[in-house]
Amino acid sequence: MMSAMAGEIDIKALAELARLEVGDEELATLEREIPDILNFVRVIEKAAASSEEESPSLRNVVRADENPHESGVYTEKLLKAAPAREGNRIAVKQVLKKNKE
Amino acid sequence: MLDITALTIAGARKGLDKKEYSAQELTNACLSEIEKREPNIHAFLEVWMDSARDEAKAADEMIARGESRSLTGIPLAIKDNILIEGRRASSGSKILENYEASYNATVIEKLKREGAVFIGRTNMDEFAMGSSTENSAFGPTKNPHDTARVPGGSSGGSAAAVACGAALGALGSDTGGSIRQPAAFCGLVGLKPTYGSVSRFGLMAMGSSLDQIGPFAKTVADAEIIFEAIKGHDPLDSTSFPSEEEASPPQRKVIGVLRSFIERGGIDPEMLANFNSALEQLKSRGFTVKEVELPSLEYALAVYYVLMPAEASTNLARYDGIRYGLSTPAETIQEVYKKTRGQGFGREVRSQSMR
Chain A
1 MMSAMAGEID
11 IKALAELARL
21 EVGDEELATL
31 EREIPDILNF
41 VRVIEKAAAS
51 SEEESPSLRN
61 VVRADENPHE
71 SGVYTEKLLK
81 AAPAREGNRI
91 AVKQVLKKNK
101 E
Chain B
1 MLDITALTIA
11 GARKGLDKKE
21 YSAQELTNAC
31 LSEIEKREPN
41 IHAFLEVWMD
51 SARDEAKAAD
61 EMIARGESRS
71 LTGIPLAIKD
81 NILIEGRRAS
91 SGSKILENYE
101 ASYNATVIEK
111 LKREGAVFIG
121 RTNMDEFAMG
131 SSTENSAFGP
141 TKNPHDTARV
151 PGGSSGGSAA
161 AVACGAALGA
171 LGSDTGGSIR
181 QPAAFCGLVG
191 LKPTYGSVSR
201 FGLMAMGSSL
211 DQIGPFAKTV
221 ADAEIIFEAI
231 KGHDPLDSTS
241 FPSEEEASPP
251 QRKVIGVLRS
261 FIERGGIDPE
271 MLANFNSALE
281 QLKSRGFTVK
291 EVELPSLEYA
301 LAVYYVLMPA
311 EASTNLARYD
321 GIRYGLSTPA
331 ETIQEVYKKT
341 RGQGFGREVR
351 SQSMR
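As you go down the protein sequences, you meet chains A and B in turn. Going letter by letter, the first sequence gives residues 1 to 101 in my numbering. Going letter by letter, the second sequence gives residues 1 to 355 in my numbering.
What the hints contain is simulated information worked out from the structure, not anything from laboratory work. Errors might be hidden in some of the hints.
Below 25 Å or equal to it, Euclidean Cα-Cα: the simulated SDA-like pairs (lysine to any residue) are [to be verified]:
(1) K77(A) <-> D234(B)
(2) K77(A) <-> N315(B)
(3) K18(B) <-> F118(B)
Cβ-to-Cβ under 8 Å is the rule here; a few derived chain B residues that face chain A [claimed, not checked]:
(4) Y305
(5) V336
(6) R341
Only some residues are given here: those of chain A computed to face chain B with a beta carbon under 7 Å [unchecked claim]:
(7) L14
(8) L20
(9) L27
(10) F40
(11) A47
(12) L79
(13) A82
Where a beta carbon is used, it is the ideal one built from N, C-alpha and C, also for glycine.
Make the full structure from the sequences, and use the hints.
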């Protein structure tokens, strides 16, 4: 990946991965712009060898798994923002299909 | 009549506490400035005229009870990516055009406790991606000092709001210069606080290892007042510092200057002269000025442009038309994601999401 040249980037696949519907015209311009990032990667590659490794001081930031809030207190507030709901659920299009295509 | 364009927060604090004018008068002065200037500047995506007046009234009552705090009754503008419960917050994007925040950001909770007045939400480059506020889905903001120029960005609306007297201070967010650069463009003081000193709970994330909320103000003293009000550890943001880890201000004041970096070129001679004379002033005030080198500096931009898009595209994955915001109907769930994001995101955001 890091040695990829501009032409080797599959821009359509990137758009697919980013779950973006992008028009052909825009894909063409992105195909020229996006490989720029590889130039930055090359600059960083030069730096890596000379830098010293530092070990950061670590601390636990995870709270104790206790005293949960009362169930459902935020449900209505959060569901209010959903584009579609069924009762206390967010409604979405079918995710899994029964038959393999 | 109050001269709102010259008034500082510290000055207004005195005026309010001495009852020279009320918080309602102060808020009305800002609102009338907005009426005059806003059509040519477009600093705001929404002005909260009615609620601002109510908040000012409540602030006057706090002041009358002798419970005034540093920001009680002070009109502030808030960047459109910081959540206020029940208020729209769009991050300058069509994908969140009609989104109403489900909760308050921690900084908003803190400002509410102060009795601050929220004047409106300010324009910004979409999802904070940009440096000119031309990338907003709702049209650009103009620089109040010269409307032929940009105010900088991405927090350009917040900068323009303070520079034109629409608010005495503002909140912005800074990932790679989004407070500091528009503050400079608009002749203000802008602070990107040390990472971890201000909670980001309720800030729409861009680059999580870089984002910070910070103040815009007319003076360093005012910026400090806002910073003091919003900083502090927050259990809801695990990257915020526990208070015992807060750095205590050094006793010996030494200022490092990246002389060789500054003299590489690219800085207007007039600005450089101004910078150097500021250093002389600092020296005469007892600061030690020392030339320093940051050998890793030449890699900073490259590291930024690799990390930021990676973090931003991860953070933007949540805008998919399922839980909130725009949802474009389609046959399959994959199509819902793709159409919603393709139509909801602007050009720059689509591009960054693919990096």
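Results of checking the hints against the structure:
1. With a C-alpha separation of about 22 Å, the suggested pairing of K77(A) with D234(B) holds against the 25 Å cut-off.
2. Taking the CA atoms of K77(A) and N315(B), the gap is about 22 Å. The hint holds against a cut of 25 Å.
3. Proximity of K18(B) to F118(B) is assessed by CA-CA distance (about 22 Å); at most 25 Å being required, the pair is judged to hold.
4. Interface hint at Y305(B): satisfied, since its Cβ lies 5 Å from the closest Cβ of chain A, which is below the 8 Å cut-off.
5. Satisfaction of the interface hint for V336(B) is found here, the shortest Cβ-Cβ separation to chain A being roughly 6 Å, below the 8 Å cut-off.
6. For the restraint placing R341(B) at the interface with chain A, the shortest Cβ-Cβ distance is roughly 5 Å, inside the 8 Å limit, so the hint holds.
7. Given hint, L14(A) at the interface with chain B, holds; its Cβ is 5 Å from that chain's nearest Cβ, closer than 7 Å.
8. Checking L20(A) against chain B by beta carbon gives a least distance of about 5 Å; that is within 7 Å, so the hint holds.
9. Contact between L27(A) and chain B, as hinted, is not supported at the beta carbon level, the nearest pair being about 10 Å apart and thus beyond 7 Å.
10. At its closest, the beta carbon of F40(A) sits 4 Å from a beta carbon of chain B; the interface hint therefore holds under the 7 Å criterion.
11. The criterion of a C-beta within 7 Å of any C-beta in chain B is met by A47(A), whose closest approach is roughly 4 Å, and the hint holds.
12. Taking 7 Å as the C-beta cut-off, the interface hint given for L79(A) is violated, the closest approach to chain B being about 9 Å.
13. The restraint placing A82(A) at the interface with chain B holds, with a minimum CB-CB distance near 6 Å, inside the 7 Å limit.
Violated hints for the displayed structure, listed by number in ascending order: 9, 12.
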